[in-house]
Amino acid sequence: MSRVLAGVELREDIVAPPRRRGVWHRLRRSRPAVLAAIFLAAVHLLALAGPPLLPLDPFVTDPLNTLQRPSRAHLLGTDEIGRDTLSRLIFGARVSLVVGLVAMAVAIVTGAVVGGLAGYFGGLVDAWLMRFTDAMMALPTFFLILAVVAVFGGGPVIVMLVIGFTSWMQVARIARGEYLRWRIAEFVDAARAIGASDLQIMARHIFPQVTPSIIVTATLGVAFAILTESALSYLGLGIQPPTPSWGNMLQNAQQYLWSAPHLAVYPGAMILLTVLSYNFLGDGLRDALDPSLRNV
Amino acid sequence: MTVYVARRLVHALLVLFVVSVLTFSLVNLAPGGPAIMTTMETTIEQQQAHRVRLGLDRPLYVRLGKWLLATARGDFGRSFNDGRPVMQVIGERLPATLLLGGAALAVSVAGGIPAGVLSATHRYSVYDHSVTFLSFIGVSIPAFWLAIMLILLFSVELRWLPGSGMATIGAGFSLSDRILHLVLPASVLATTALPQLLRFTRSAMLEVLSQDFVRTARAKGLPGRRVLYGHAFRNSLIPVVTIVGLLIPRLVGGAVITESIFGWPGMGQLAVSSAIGRDFPLVMGVTIVVAVAVILANLAVDLAYGWLDPRVHYE
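Heads up: the sequence lines are chains A and B, in that order.
Per the numbering used here, the first sequence starts with residue 1, numbered consecutively.
Per the numbering used here, the second sequence starts with residue 1, numbered consecutively.
Any given hint could be a false lead.
[Claimed, not checked] Chain B stretches covered by chain A per the calculated footprint, using a threshold of three residues with CB under 8 Å from any CB of chain A:
1) 5-19
2) 139-151
3) 282-292
[What the hints assert, rightly or not] List of simulated lysine to any residue pairs, SDA-like, C-alpha gap at most 25 Å:
4) B:Lys-66 / A:Phe-132
5) B:Lys-66 / A:Phe-152
6) B:Lys-220 / B:His-231
Honestly, the hints are just simulated from the structure, not real lab data.
The C-beta atom is built at its ideal place from N, Cα and C for all residues, glycine as well.
Chain A extracted, bound-state conformation:
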């Protein structure tokens, strides 16, 4: 923030990028965030390395052993057509996490571009882009997502894109604020003086300053994207069978609540724990990146 003193604008507090040392140190002090990070690391590692190591093929059916309770042969039991639940859960982790992460990446890029243009150029560009952002924020986006999926069908690519394109607004608002703040900094003046173009200044000079504040929103955004994907897939409009995702595994489980309650418990618990961890991590990161918000 710049201050005005006796008509002279003081910009001493925006001359240099802030040092973000000690972020990890502060993050480590938050126990929920640390536990969340460990859990997430384990889940992602399993999703990444797991499928080739799976004990059983997640797609192979076994009509003689359907709806089995957990046993030694099937550690978490089998589903209604005899597929191994543990293998499907691990394979489903890959699908759900990839959809969540890519959707978030789409949201970040869209939000950073919209917010960056608005904040950097200001004026009419800012007014119109932010009005559009506000309008998008005021929409019940899940209905919009349904409309898109109805027209283009489900499937991973559509699901990732549509979730990303309906959840970038928060990022845009944050990016706008940061660009507005940094565009008058001295290092930006310096960059312009040596002939850097607007695009270069926006991408190479200002963007690094914006990343810390976007990281928090990004972390929370993954949580939201995973939840949205699971809801869509549960409704039968997202990831299509036989590809397992945590959401569509629950779709069939509902019919067998009595004979095989474990089918409903495991995928739901995985979604809950993963989303919870992303939320805890995001919250911890917010405290660590901006200690001034700690008590708020």
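We have chain A already, so just place chain B on it with the hints.
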């Protein structure tokens, strides 16, 4: 005040314009072109004739203009499914969603705001920590999973509450029956909104409590309760009202899941069934009408905001 109201009205119209353009683009980007919106006819000649009949050979901006006019009139064509006008189908479903959404919003406000205030005044207490933890679970739990678990517990196991529909089949309308049917879906829908409202109230309250005028009120010897409720709470309500406005679209979006699971005959269920059945006119109509409902609710929130905070009049 007039300027403020006028500005909010312009914003509401802009949101409507955006949603209308978005649905228009969707229809035009649909594989097979916009003609499939209104016909199931399949041969190329039939489709060509149909395109001309619908004016699809006209330039894009003419069609966009016509679409915007149709939106303004609430004319979304006829449902593929039963051929009835889209608005008629929607008219039957909208009240159910308004009831469900209203109930969930009431639960969130009535529960979230007092719990948040308590959390702020007893910061770092056991209560505060457990409420914070529960809030995290609330925003992280998949609504459809929670719903299944609650149906299992309260409808199947304990048989306390009905787990499906709006009324007992065969029985006439009675208020107590309606409320009983409302309990589970409204609770599930409130599960995501209530914690957000709670956390926001908590931080708004903490912020106000740290301000000078609160310290002054304390210093001049006002009783603690009057400082809390007369000074701090009233001022913390101002940002809380804004967050209510932001929660309404999410609440309505959440109705899609909740209604599908509880067999609640509202807009959310309609959106899912029409999306699965590719009933495009109905999908687009539902999307726009729901957006309009949210816009109106937000307009009400904005006006409440202007009334609560006299400062906005001078902006």
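Here's how the hints hold up against the structure:
1. 5-19: Held - the region 5-19 of chain B has 6 residues with a Cβ nearer than 8 Å to chain A, which meets the minimum of three.
2. 139-151: holds (count 9)
3. 282-292: holds (count 6)
4. B:Lys-66 / A:Phe-132: holds, 22 Å
5. B:Lys-66 / A:Phe-152: holds, 24 Å
6. B:Lys-220 / B:His-231: Distance of about 13 Å is within 25 Å: holds.
The structure shown violates none of the earlier numbered hints.
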